[in-house]
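Peer 1: Residue numbers (our numbering), protein chains in the order written: chain A, 1 to 370; chain B, 371 to 680.
None of these hints come from the bench; they were simulated from the model.
It is possible that part of the hints are untrue.
[As the list claims (entries may be wrong)] Away from chain B, derived, C-beta distances all over 10 Å, residues of chain A:
(1) 73
(2) 239
(3) 296
[Said to hold, decoys possible] Using C-beta positions, here's what the derived DEER-type ranges look like:
(4) A:287 <-> B:550: 41 to 47 Å
(5) B:659 <-> A:218: 55 to 61 Å
(6) B:613 <-> A:284: 28 to 34 Å
(7) B:440 <-> A:224: 23 to 29 Å
(8) B:477 <-> A:175: 26 to 32 Å
(9) A:306 <-> B:385: 45 to 51 Å
(10) A:287 <-> B:379: 33 to 39 Å
(11) B:388 <-> A:175: 56 to 62 Å
(12) B:445 <-> A:370: 18 to 24 Å
(13) A:354 <-> B:384: 36 to 42 Å
(14) A:287 <-> B:477: 46 to 52 Å
(15) B:550 <-> A:256: 21 to 27 Å
(16) B:379 <-> A:347: 57 to 63 Å
[Said to hold, decoys possible] The list that follows gives simulated cross-link-like pairs (lysine-lysine, DSS-like), each with its CA atoms no further than 27 Å apart:
(17) B:462 <-> A:37
(18) B:501 <-> A:207
(19) A:284 <-> B:501
(20) B:494 <-> A:284
(21) A:37 <-> B:387
(22) A:207 <-> A:37
(23) A:219 <-> A:207
(24) A:284 <-> A:207
(25) B:462 <-> A:284
(26) B:387 <-> A:219
(27) A:207 <-> B:387
(28) B:615 <-> A:207
(29) A:284 <-> A:219
(30) A:207 <-> B:647
(31) B:501 <-> B:462
(32) A:116 <-> A:99
Everything numeric in this text was worked out from a predicted model, so none of it was measured.
Built from N, CA and C at the ideal position, the CB exists for glycine as well.
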Amino acid sequence: MAIAERIPVARMNPLSPPPRLNGRWSGFAHLLLARMKELVREPELIFWIFGFPLLLALGLGIAFRNKPAEVTSIAIVSNPGAQEIANMIQQSPQGSSIKVQILERTQALQAFHFGKYDLVVEPDGRGGVRYIYDPSRSETVLSRAEVDDALQSGAGRKNPVPASSFVSTEPGSRYIDFLIPGLLGMTLMNSGMWGVGFALVDMRQRKLLKRFVATPMRKSDFLLALAGSRLALMLIEIGLLLGLGMLAFHVRVLGSLWNILVLGTLGSVAFGGLGLLAACRARKIETVSGIINLAMMPMWIFSGVFFSYEHFPARILPYIKALPLTALNDALRATILQGASLSSQVGRILVLALWGGISFVLALRWFRWT
Amino acid sequence: MPTAIQCRDLRKTYDGKIEAVRGLNLEIQAGECFGLLGPNGAGKTTTIEILEGLLQPSSGQVTILGHTWGTHTRELREWLGISLQETRLSEKLSVRETIELFASFYRQPRSSAEVMEELQLTEKADAWVGKLSGGQRQRLAVATALVGNPKILFLDEPTTGLDPQSRRQLWEIVRTFLRGGGTVLLTTHYMDEAERLCDRLAVIDHGQVIAEGTPTDLIERLGGHHVVEFAVSGGPDTDSFNHWKALPGVDSVRHEDGIISLSVREPHTTIPALLDKVRTQNLQLLHLTTRQASLEDVFVHLTGRHLREG
Ligand SMILES: Nc1ncnc2c1ncn2[C@@H]1O[C@H](COP(=O)(O)OP(=O)(O)OP(=O)(O)O)[C@@H](O)[C@H]1O
Ligand SMILES: [Mg+2]
Numbered sequence: 001m002a003i004a005e006r007i008p009v010a011r012m013n014p015l016s017p018p019p020r021l022n023g024r025w026s027g028f029a030h031l032l033l034a035r036m037k038e039l040v041r042e043p044e045l046i047f048w049i050f051g052f053p054l055l056l057a058l059g060l061g062i063a064f065r066n067k068p069a070e071v072t073s074i075a076i077v078s079n080p081g082a083q084e085i086a087n088m089i090q091q092s093p094q095g096s097s098i099k100v101q102i103l104e105r106t107q108a109l110q111a112f113h114f115g116k117y118d119l120v121v122e123p124d125g126r127g128g129v130r131y132i133y134d135p136s137r138s139e140t141v142l143s144r145a146e147v148d149d150a151l152q153s154g155a156g157r158k159n160p161v162p163a164s165s166f167v168s169t170e171p172g173s174r175y176i177d178f179l180i181p182g183l184l185g186m187t188l189m190n191s192g193m194w195g196v197g198f199a200l201v202d203m204r205q206r207k208l209l210k211r212f213v214a215t216p217m218r219k220s221d222f223l224l225a226l227a228g229s230r231l232a233l234m235l236i237e238i239g240l241l242l243g244l245g246m247l248a249f250h251v252r253v254l255g256s257l258w259n260i261l262v263l264g265t266l267g268s269v270a271f272g273g274l275g276l277l278a279a280c281r282a283r284k285i286e287t288v289s290g291i292i293n294l295a296m297m298p299m300w301i302f303s304g305v306f307f308s309y310e311h312f313p314a315r316i317l318p319y320i321k322a323l324p325l326t327a328l329n330d331a332l333r334a335t336i337l338q339g340a341s342l343s344s345q346v347g348r349i350l351v352l353a354l355w356g357g358i359s360f361v362l363a364l365r366w367f368r369w370t
Numbered sequence: 371m372p373t374a375i376q377c378r379d380l381r382k383t384y385d386g387k388i389e390a391v392r393g394l395n396l397e398i399q400a401g402e403c404f405g406l407l408g409p410n411g412a413g414k415t416t417t418i419e420i421l422e423g424l425l426q427p428s429s430g431q432v433t434i435l436g437h438t439w440g441t442h443t444r445e446l447r448e449w450l451g452i453s454l455q456e457t458r459l460s461e462k463l464s465v466r467e468t469i470e471l472f473a474s475f476y477r478q479p480r481s482s483a484e485v486m487e488e489l490q491l492t493e494k495a496d497a498w499v500g501k502l503s504g505g506q507r508q509r510l511a512v513a514t515a516l517v518g519n520p521k522i523l524f525l526d527e528p529t530t531g532l533d534p535q536s537r538r539q540l541w542e543i544v545r546t547f548l549r550g551g552g553t554v555l556l557t558t559h560y561m562d563e564a565e566r567l568c569d570r571l572a573v574i575d576h577g578q579v580i581a582e583g584t585p586t587d588l589i590e591r592l593g594g595h596h597v598v599e600f601a602v603s604g605g606p607d608t609d610s611f612n613h614w615k616a617l618p619g620v621d622s623v624r625h626e627d628g629i630i631s632l633s634v635r636e637p638h639t640t641i642p643a644l645l646d647k648v649r650t651q652n653l654q655l656l657h658l659t660t661r662q663a664s665l666e667d668v669f670v671h672l673t674g675r676h677l678r679e680g
C-alpha cells in the first residue's frame, strides 16, 4: 500500500470537473445499457429474434386456418355408372361437403397420389363401387367413411341411431391455439441459447472478455447484465407473439399474464444457462454454433412445437417430457389455453429449474474469460 | 524511485511443451517508460499478460506496486490501464459510449470528455467504433486504458500497422502520460519507437532477456556508434572478409545480400582506408552509406537475425 501511494496519480486538469465517483451498480448499468444498444443497432438480429417467429406464426396460422366447412374432394373413375354415382352422392345429405370429379382411371389415380383428391371411387358397372384410399393419410380415411355414408343413405339406408354433428372451431382448440404457445417456447429457446452463447463466444473471440477482466469490472455484473438484457427481450417476445395471436387469430389467453411471465423467465433462465454452458470454453463461433444446434435439434423434433409429441412411442415419452422445451411448451399451453395455475405444474417448473440451475453451476465452474 | 513492476524467474509453458517464456527477470521503476523489444513469437505478449495478471505463469513471481496478483487483484485492477495486442471493441457502440462503459468499471475514473480531448477523439465522439480508422481505433483502445486514471499503463504493440503520423500521435500520448508521473510498459517490434520513447529496454528473444539497458547503453555495447555499409564488385568475397575487418576502427563485419556492413567507432578514419583499399585492389565501389548505429544493429549483433524476420 505504502509504495503504491507514493506514486503520483496521473495528471489532473485543474479546469476539469471534480472526479466522479462510481457507485456499486454503475458497471452493471452501463453494461446492460451497452448490451441493449448493441441489440437495437443490429437489424438482422432484430429480424431473427422478433420477425422470424412472428412470420412463422402468421404463415402457419393462415395455412392451417379453419376452412368454412371441411370439404372433401373425390374422383370417380369414368366407368359405366359413374354419373349415377355422382348424382347419388350430390343428392345425399352430405352432398354439400363433397366435391366430385369424373376422370380417367390413370388420371384419377395420379391426381390422388399427388394429394389433389382424398379418395378415388371406382364403379364396378354392376351398381357396386370400390374405394381406393391410403390408410396412412388420415384425410383419405375420413373421406372414405363420408362418401360411403353418402352412398348408402342415397341408396335408401335408414340410420338406426339418429345423430347430428356439431363443428368445433371455438378459440382454444384450433391449430393456431396449439401453435402460438409452442412458437413462444421455441423463440425463448432460440434467443436464450443464441443470445447468450453466441454473444459470449463472439466477445471471447474478439478478446473483449479478456479486455473486460483486465478492468475492475465485477464478473458477476457482466453476467447479470447479459441475463438482464435477455429478460428484457423476453418481455418483448412474449408481448409480440401473444399480441399477434390475440389480434390476428383471436387466441384467448385464459391464464394470468403474471404466470406467463414467470414461466417465460424460468424458460429464459433455463435456456440462458444452457447457452452459457455451450459457450463456456468455446473459442470459435463455429464451435459454439455446432454445440447449440446439436443441443436444440432433439427439442425441435420432440418437444411439440408444431405438432403434439403424443404421436411418439409411449416408451420415449418420459424422456421427451424431461426436455426443457417440452416442459416450457406444455406449461405455456396449459397456462395460456386452459388457465392452469403454477402450482398445478410443479413438475414442469422443476424440470426447467433443474436444467437452468445445473447448467449455470457447471458453466460458471468451467467458464473461460480469456 | 520505488519499483513499479518486478518479476523473478518467470516461466510459461503452453500445453506442456511450448516454452514461451524461460526464466525472465525484470525490474521497472515508477515513472519509467520501459520497452520490451523482440521479434514475433519472442514471448512479449505472454510476458506482459502475465504481468497484467491475465495469464497464470508456470512458475516465478510477479509484484506490481508492491502487491501480488491473487491477494490484491481488485486494487491492482484499479491501478492498471491495459491495452491488449488485439481487442475488437463493439462496433455498434460510439466512441463516447465505449469510453463511458470502461469508465463505469472504476471507482474514480477520469472524465470521458477530457480523455477524448487528450487523445484527439472528440471529433469522433459520436461515431460508431466500426467506422473508425486503424489509428483512431488504437487511440480509442488507449483511451479505454487511460480513463481509469491508472498508475501504470501496459501497451502491447500500440503502433503496429499504423502510419508514421498515427505512430507519432501515440508516442505523444504516451509522453503526456509519463509527464503526469505514470509508468509505462510497452512492447514493440519497432527499433525507432523503442529508441525514441523508452527510458530503458529489454531485448527479448526465445523467452529470455538477451540484453537490457538504456537505448544508448545498448548501442554503446555494440562497440561502434556508426555503421558503414558498402558493396563492391570484382573481388572474391570470402577472403576479403578479413581485409575489411583489418581496416582501422572496425569492430565487427557483417555480410548480407552483397552488402558488407562495418560497425565502426570513427567513420572518418575508416572510410579513407576503405577507399584506399578499393583503389589498390582494383575493385569497383557500387554503393556506400554511413549511418548511426540503431537498436536494429544491436539486435542483429545479438542474434544474427533481423528483428522483422521473426
Ligand atoms: N495460447 C497459446 N497456446 C499455445 N502457444 C502459444 C499461445 N500463445 C502464444 N503461444 C506461443 O508462445 C510463443 C510466444 O508467443 P507471444 O504471443 O508471447 O509472442 P510475441 O512476442 O508477443 O509475438 P508477436 O510479436 O507476434 O506478438 C509463440 O511461439 C507462440 O506461438
Ligand atoms: Mg505479441
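Peer 1: Taking the hints in turn, state whether each one holds.
Peer 2: Status of the hints after comparison with the structure:
Distance check for residue 73 of chain A against chain B: the nearest CB is about 54 Å away, which clears 10 Å, and the non-interface claim stands. Distance check for residue 239 of chain A against chain B: the nearest CB is about 24 Å away, which clears 10 Å, and the non-interface claim stands. With a cut of 10 Å on Cβ distances, residue 296 of chain A stays outside the contact zone with chain B, its closest approach being about 26 Å. The beta-carbon spacing between residue 287 of chain A and residue 550 of chain B, approximately 44 Å, falls within the hinted interval of 41 to 47 Å.
Between residue 659 of chain B and residue 218 of chain A the CB atoms are about 58 Å apart, so this pair conforms to the stated range of 55 to 61 Å. Between residue 613 of chain B and residue 284 of chain A the C-beta distance comes to about 58 Å, which lies outside the given range of 28 to 34 Å. Between residue 440 of chain B and residue 224 of chain A the CB atoms are about 24 Å apart, so this pair conforms to the stated range of 23 to 29 Å. At roughly 57 Å, the beta carbons of residue 477 of chain B and residue 175 of chain A sit outside the given window of 26 to 32 Å.
Look at residue 306 of chain A against residue 385 of chain B: about 46 Å separates their beta carbons, and that is inside 45 to 51 Å. At about 36 Å, the CB distance of residue 287 of chain A to residue 379 of chain B agrees with the hint of 33 to 39 Å. Distance hint check for residue 388 of chain B and residue 175 of chain A: the Cβ-Cβ separation is about 59 Å, which falls inside the suggested range of 56 to 62 Å. Range check, residue 445 of chain B to residue 370 of chain A: Cβ separation about 21 Å, and the 18 to 24 Å hint holds.
Distance hint check for residue 354 of chain A and residue 384 of chain B: the Cβ-Cβ separation is about 38 Å, which falls inside the suggested range of 36 to 42 Å. A C-beta distance of roughly 37 Å is found between residue 287 of chain A and residue 477 of chain B, which places it outside the suggested range of 46 to 52 Å. Range check, residue 550 of chain B to residue 256 of chain A: Cβ separation about 60 Å, and the 21 to 27 Å hint is violated. Checked against the given bound of 57 to 63 Å, the beta carbons of residue 379 of chain B and residue 347 of chain A, roughly 59 Å apart, stay inside it.
Annotation: proposed proximity of residue 462 of chain B to residue 37 of chain A holds, straight-line Cα distance about 8 Å (limit 27 Å). Distance restraint check for residue 501 of chain B and residue 207 of chain A: the Cα-Cα separation of roughly 19 Å lies within the 27 Å cut-off, and the hinted pair is therefore satisfied. The hinted pair formed by residue 284 of chain A and residue 501 of chain B meets the criterion: a straight-line CA distance of about 24 Å does not exceed 27 Å. Between residue 494 of chain B and residue 284 of chain A the alpha-carbon distance is near 31 Å, which puts this suggested pair outside the 27 Å criterion.
A C-alpha spacing of about 44 Å is found between residue 37 of chain A and residue 387 of chain B, which places the hinted pair above 27 Å, so the restraint is violated. Between residue 207 of chain A and residue 37 of chain A, the direct Cα distance comes to roughly 20 Å. Compliance with the 27 Å bound is thereby established for this hinted pair. This hinted pair checks out: residue 219 of chain A and residue 207 of chain A have alpha carbons roughly 15 Å apart, not beyond 27 Å. Proposed proximity of residue 284 of chain A and residue 207 of chain A is supported: the alpha carbons are some 11 Å apart, at most 27 Å.
With a CA separation close to 21 Å, the supplied pair residue 462 of chain B and residue 284 of chain A stays within the 27 Å bound. Restraint check: the Cα-Cα separation between residue 387 of chain B and residue 219 of chain A comes to about 31 Å, which exceeds 27 Å; the hinted pair is violated. Restraint check for residue 207 of chain A and residue 387 of chain B: satisfied, since their Cα atoms lie roughly 24 Å apart, inside the 27 Å limit. With a C-alpha separation of about 51 Å, the suggested pair residue 615 of chain B and residue 207 of chain A falls outside the 27 Å cut-off, and the hint is violated.
With a CA separation close to 21 Å, the supplied pair residue 284 of chain A and residue 219 of chain A stays within the 27 Å bound. Pair hint residue 207 of chain A plus residue 647 of chain B does not hold up; C-alpha atoms about 58 Å apart against a cutoff of 27 Å. Under the criterion of a C-alpha separation no larger than 27 Å, the hint pairing residue 501 of chain B with residue 462 of chain B is consistent with the structure, at around 9 Å. Distance restraint check for residue 116 of chain A and residue 99 of chain A: the Cα-Cα separation of roughly 11 Å lies within the 27 Å cut-off, and the hinted pair is therefore satisfied.
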